[in-house]
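Student: When you get a sec, could you build the whole thing from the sequences and use the hints?
Anchor point for the sequence shown: position 157 equals 156 in numbering that gives the first Met the number 0, and the numbering is continuous, going up by one each time.
Keep in mind the hints are simulated off the structure, nothing from the lab.
Small disclaimer: the values here were computed from a predicted structure and weren't measured.
Take the hints with a grain of salt, since some may be wrong.
Stated by the list, open to error - In silico DSSO-like cross-links for lysine-lysine, where the CA-CA straight-line distance does not exceed 30 Å:
| no. | residue 1 | residue 2 |
| --- | --- | --- |
| 1 | K146 | K167 |
| 2 | K152 | K124 |
| 3 | K146 | K159 |
| 4 | K38 | K146 |
| 5 | K38 | K54 |
| 6 | K52 | K38 |
| 7 | K98 | K38 |
| 8 | K152 | K37 |
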Amino acid sequence: MKAPQKNRITIIVAAFAAVFAMNFTASAANLTLEQVQKKASQIDAMVNENLAKQKITANAPASDEVFVRRVYLDIVGRIPTLKETTDFLASTEGDKRAKLIDTLLASDGYTQNFFNFWADILRLKSQSVGGGQSLPAGYAYANWLQKSLEDNKPYDQMVKELVTANGKTYENGAVGFYIRDYNMPLDNMAVTTQIFLGTSMVCAQCHNHPFDKWTQMDYYQMAGHSYGMTGSNGLTNPLLAQAIYGSSYGKKAAKTKKG
Numbered sequence: 000m001k002a003p004q005k006n007r008i009t010i011i012v013a014a015f016a017a018v019f020a021m022n023f024t025a026s027a028a029n030l031t032l033e034q035v036q037k038k039a040s041q042i043d044a045m046v047n048e049n050l051a052k053q054k055i056t057a058n059a060p061a062s063d064e065v066f067v068r069r070v071y072l073d074i075v076g077r078i079p080t081l082k083e084t085t086d087f088l089a090s091t092e093g094d095k096r097a098k099l100i101d102t103l104l105a106s107d108g109y110t111q112n113f114f115n116f117w118a119d120i121l122r123l124k125s126q127s128v129g130g131g132q133s134l135p136a137g138y139a140y141a142n143w144l145q146k147s148l149e150d151n152k153p154y155d156q157m158v159k160e161l162v163t164a165n166g167k168t169y170e171n172g173a174v175g176f177y178i179r180d181y182n183m184p185l186d187n188m189a190v191t192t193q194i195f196l197g198t199s200m201v202c203a204q205c206h207n208h209p210f211d212k213w214t215q216m217d218y219y220q221m222a223g224h225s226y227g228m229t230g231s232n233g234l235t236n237p238l239l240a241q242a243i244y245g246s247s248y249g250k251k252a253a254k255t256k257k258g
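Tutor: Here it is in C-alpha cells:
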C-alpha cells in the first residue's frame with residue numbers, strides 16, 4: 000500500500016480548523032429581499048443549465064393544491080388540515096406562498112419536526128450514560144438543540160458550538176455531543192466526520208481504509224482533537240434533573256408523537 004500523502008490529514012484538519020475559527024457576523028435575517036432573490040436566481044440558473052445539458056424539460060410550477068400539501072409535509076412534517084387547505088386555496092394574495100412558508104417556519108410544528116430530524120442525525124438520547132451525568136446531560140443536550148431551532152440559530156454556528164463544546168452540561172448543553180459517546184472518542188470521531196465532513200473514516204479505525212485514501216494514522220490524528228474528553232460526577236436523580244433543566248423536552252417529544 001502506498002505511503003500516506005502528507006497533505007491528506009492537512010486537508011481534513013484544515014476543515015475542522017475552519018469550523019473552530021468561524022466568525023458569525025452574517026445571518027439570513029440580515030439579507031434583503033433583493034439579495035435572497037438574486038441568490039435564488041443563481042441557483043435556478045445552475046439547475047436549468049444542468050437540465051439543458053441532459054435535455055430534460057423542467058416541470059411546470061406546482062399547483063396550489065400540490066404546493067400546500069408539499070410545504071406542510073416539508074416544514075412541519077404533516078399534511079394540512081381541511082381549514083388550512085381551504086383558507087390557502089381561497090386566498091387571492093400574490094405572495095401567499097411566501098407568507099405560508101414564513102408562517103410555518105415560525106411555528107412550533109417546524110421546531111418539533113426538525114428537532115426529530117436533528118435528534119436522529121446527532122443520535123440524541125434522553126439518557127447519556129457516563130461520568131454520573133446520565134439524565135442531566137441528556138436533558139441539557141436535548142434542550143440545547145430545541146432552543147437552537149427555536150432561535151433559528153445558523154447552521155454554521157450550531158456546528159461550531161457542537162464540535163468546540165466545553166464545560167459542564169448544565170452550563171453548556173452542546174457538551175452532550177461528546178458525552179453521548181462517553182469514553183468512546185474513536186467512535187465519536189467517526190460519526191463527527193461523517194456528519195459534518197460528509198466522509199466515512201470508520202474503516203480506518205482498525206486498518207487502512209481498503210476503498211478510500213484514509214489511513215489508520217489519519218484516523219487517530221483526527222481522534223486526537225477530542226481525545227481525553229471526561230465527565231465528572233453530577234446529578235443522577237431524574238426528578239432533580241427535570242427541575243433544573245425543565246421538562247419541555249419530554250413534552251415536546253410526546254406532542255410530536257401524538258401529532
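Student: Next, verify each hint and record whether it holds.
Tutor: Each hint, compared with the structure:
1. K146 with K167: Holds. K146 to K167 sits at ~18 Å (cutoff 30 Å).
2. K152 with K124: Roughly 21 Å between the alpha carbons, so the hint for K152 and K124 holds.
3. K146 with K159: Satisfied, since the Cα-Cα distance of roughly 16 Å is no more than 30 Å.
4. K38 with K146: holds (28 Å)
5. K38 with K54: Answer holds: K38 to K54 is near 24 Å, not above 30 Å.
6. K52 with K38: holds (22 Å)
7. K98 with K38: holds (19 Å)
8. K152 with K37: holds (23 Å)
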